[in-house]
Amino acid sequence: MVSIIGWSRIRSPWILYMCTGACNACDIEVLAALTPRFDVERFGILLKGSPRHADVLVVTGAVTRQVAPRLKRIYEQMPNPKFVIAAGTCATSGGVYWGCYNVLGGIDKVIPVDVYIPGCPVHPQAVIQGVAKLLAKLQEAK
Amino acid sequence: MSTYKIPVGPQHPAIKEAFQFNFELDGEIIVNVKPRLGFVHRGIEKGMELRSWVQGIYLSERICGICNVPHTTCYCIAVEKLHDVDVPKRAQYLRIIINELNRIHSHLLWLGVLGMELGFLTFYMYVWRDRERVMDLVELISGNRVTPSMNFIGGVVYDITPKMEMAIKKGMDYLEERTKYYKSVVLNEPTIKVRTENIGVLNKSAATDLCAVGPVARASDLKTDVRFDDPYSSYDEIPFNLVTYSYCDVFARVLVRVDEVLESINIIRECLDKLPSGPIMKKLKRTPPPGESTVRVEAPRGELMYYVKSDGKENPYRVKIRTPTLANIPAVCEMLKGYHIADIPAIIASIDPCYCCTERILFIDKARNKRWIWSHSQLRKYSLEWYENGGRR
Numbered sequence: 005m006v007s008i009i010g011w012s013r014i015r016s017p018w019i020l021y022m023c024t025g026a027c028n029a030c031d032i033e034v035l036a037a038l039t040p041r042f043d044v045e046r047f048g049i050l051l052k053g054s055p056r057h058a059d060v061l062v063v064t065g066a067v068t069r070q071v072a073p074r075l076k077r078i079y080e081q082m083p084n085p086k087f088v089i090a091a092g093t094c095a096t097s098g099g100v101y102w103g104c105y106n107v108l109g110g111i112d113k114v115i116p117v118d119v120y121i122p123g124c125p126v127h128p129q130a131v132i133q134g135v136a137k138l139l140a141k142l143q144e145a146k
Numbered sequence: 008m009s010t011y012k013i014p015v016g017p018q019h020p021a022i023k024e025a026f027q028f029n030f031e032l033d034g035e036i037i038v039n040v041k042p043r044l045g046f047v048h049r050g051i052e053k054g055m056e057l058r059s060w061v062q063g064i065y066l067s068e069r070i071c072g073i074c075n076v077p078h079t080t081c082y083c084i085a086v087e088k089l090h091d092v093d094v095p096k097r098a099q100y101l102r103i104i105i106n107e108l109n110r111i112h113s114h115l116l117w118l119g120v121l122g123m124e125l126g127f128l129t130f131y132m133y134v135w136r137d138r139e140r141v142m143d144l145v146e147l148i149s150g151n152r153v154t155p156s157m158n159f160i161g162g163v164v165y166d167i168t169p170k171m172e173m174a175i176k177k178g179m180d181y182l183e184e185r186t187k188y189y190k191s192v193v194l195n196e197p198t199i200k201v202r203t204e205n206i207g208v209l210n211k212s213a214a215t216d217l218c219a220v221g222p223v224a225r226a227s228d229l230k231t232d233v234r235f236d237d238p239y240s241s242y243d244e245i246p247f248n249l250v251t252y253s254y255c256d257v258f259a260r261v262l263v264r265v266d267e268v269l270e271s272i273n274i275i276r277e278c279l280d281k282l283p284s285g286p287i288m289k290k291l292k293r294t295p296p297p298g299e300s301t302v303r304v305e306a307p308r309g310e311l312m313y314y315v316k317s318d319g320k321e322n323p324y325r326v327k328i329r330t331p332t333l334a335n336i337p338a339v340c341e342m343l344k345g346y347h348i349a350d351i352p353a354i355i356a357s358i359d360p361c362y363c364c365t366e367r368i369l370f371i372d373k374a375r376n377k378r379w380i381w382s383h384s385q386l387r388k389y390s391l392e393w394y395e396n397g398g399r400r
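Chains as they are written, first to last, in my numbering: chain A, 5 to 146; chain B, 8 to 400.
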């Protein structure tokens, strides 16, 4: 039973995607990764609207003070085991927004992160590579 | 009779920029709308004051990732005004080209998103596939797909070689053919027409009163376009048509944007034919002299304004930015009144709000003191089912 769950998780991880104060560039690149040219759906990845259905949380953007508690709440709503991808330099470290008074920094200040994908904005190919790394990690966990 | 109140957003600011609309409903009909802004406020205007003039370019580029080119163009022109210099002619033409490429990518992106909001996913996938062609061209010129970092104070950073020129012209031919096809789809496809015609009407006088800008104003038959009214960067030397429609509804906003893509393609062709030779950059001092300047440019979503003040030091003294989406929010509140819950996604999408946040909805039934939460996808599903079962027609 456990192995079936692990197998299905690797074959079809469902992602939830959240913008925590990004400039939209990473958002459109993550969306572009889902559209025909790059097409991460061939790995069985589906975009979901609710945190309760998701295995992987993809976060774009530096965390603003308004969004930080909400990000935490979304993360807590996801069922275990859960994984987080930080897409973009802002999500990784705060990036270009250093010194802005309303920005906390990277998302690892709020929730634990499994895969960091750098880039400003992330290239869809980098998103695919990040996802592939995460799948390898899942394989090990199994 | 019970009244409902629905806050749309921002608890879950996924996918879209977070702002909240509080809807007051009479049954299914929207009576009143109150917007609440500031969820993705990062403090960029203050951040600009902490950075040097050059670093400011790259921060302004990241205010909005979709229309990043008009932001840097506007900032650079404002600083050049402080220096009181004109950039070389070739740089001005290159700025027009990269601005129009950005407009094409932004409008196609929006067209796809509208298709998604209407539940027409095939359309979304097709449009985004063709949009990749623009991204390739931007990548060819600058090495980055979305944020080209093309503009610099005093000119542009990257030049267009004859080889790139050929590639751009080829790309434009392909895009023109595809965009014409999408226009025929929009004009003939009942799925789109049913959901957009006579929805979200904003008549001409209301658009004037509420200071609507960009495609929203042009869809309400207002002849307003900064490229025409206050030409910057040699736009006055390029002939192009101002697209307006008089239907005033969501359908008109779709048509305005599709036609603008076709206009942009012609502008790019014209620029490439007329492209003057010469330098692409004028070297300027690190800090501009004291003074202030205000510059307007036409971003894909409408008029974008920068006010820059210098006191002769390393950093700007003040940078004030007004983006087109903010200008269009009073208009969208007016548009929503009198329509159904099912029309909310289409109407809000119609102003192209840099994607707005309708990700989660809290419904409160005051009479029964009941609360429930709908996500954006549930709202979309509800709206699709509502129309499938006949809707109000």
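Hint data in this document are derived by calculation from the structure and do not stem from the laboratory.
Computed from a prediction, not measured in an experiment: that's the story for all the values here.
Glycine included, every Cβ here is placed at the ideal spot set by N, Cα and C.
Any given hint could be a false lead.
Okay, the calculated beta carbon distance ranges per label pair [claimed, not checked]:
id, chain 1, residue 1, chain 2, residue 2, range
1, B, Gly150, A, Ser16, 33 to 39 Å
2, B, Asp216, A, Arg46, 48 to 54 Å
3, B, Gln62, A, Ala140, 33 to 39 Å
4, A, Lys76, B, Lys281, 52 to 58 Å
5, A, Tyr105, B, Asp216, 31 to 37 Å
6, A, Trp102, B, Lys292, 23 to 29 Å
Facing chain B, a subset of chain A residues (Cβ under 10 Å, in silico) [as the list claims (entries may be wrong)]:
id, residue
7, Asp112
8, Val114
9, Pro116
10, His127
Structure-based check of each hint:
{"no.": "1", "hint": "B/Gly150 x A/Ser16: 33 to 39 Å", "in the structure": "holds, 35 Å"}
{"no.": "2", "hint": "B/Asp216 x A/Arg46: 48 to 54 Å", "in the structure": "holds, 50 Å"}
{"no.": "3", "hint": "B/Gln62 x A/Ala140: 33 to 39 Å", "in the structure": "holds, 38 Å"}
{"no.": "4", "hint": "A/Lys76 x B/Lys281: 52 to 58 Å", "in the structure": "holds, 55 Å"}
{"no.": "5", "hint": "A/Tyr105 x B/Asp216: 31 to 37 Å", "in the structure": "holds, 35 Å"}
{"no.": "6", "hint": "A/Trp102 x B/Lys292: 23 to 29 Å", "in the structure": "holds, 26 Å"}
{"no.": "7", "hint": "Asp112", "in the structure": "violated, 18 Å"}
{"no.": "8", "hint": "Val114", "in the structure": "violated, 14 Å"}
{"no.": "9", "hint": "Pro116", "in the structure": "violated, 19 Å"}
{"no.": "10", "hint": "His127", "in the structure": "holds, 7 Å"}
Of the hints listed earlier, those the structure fails to meet are numbers 7, 8, 9, in rising order.
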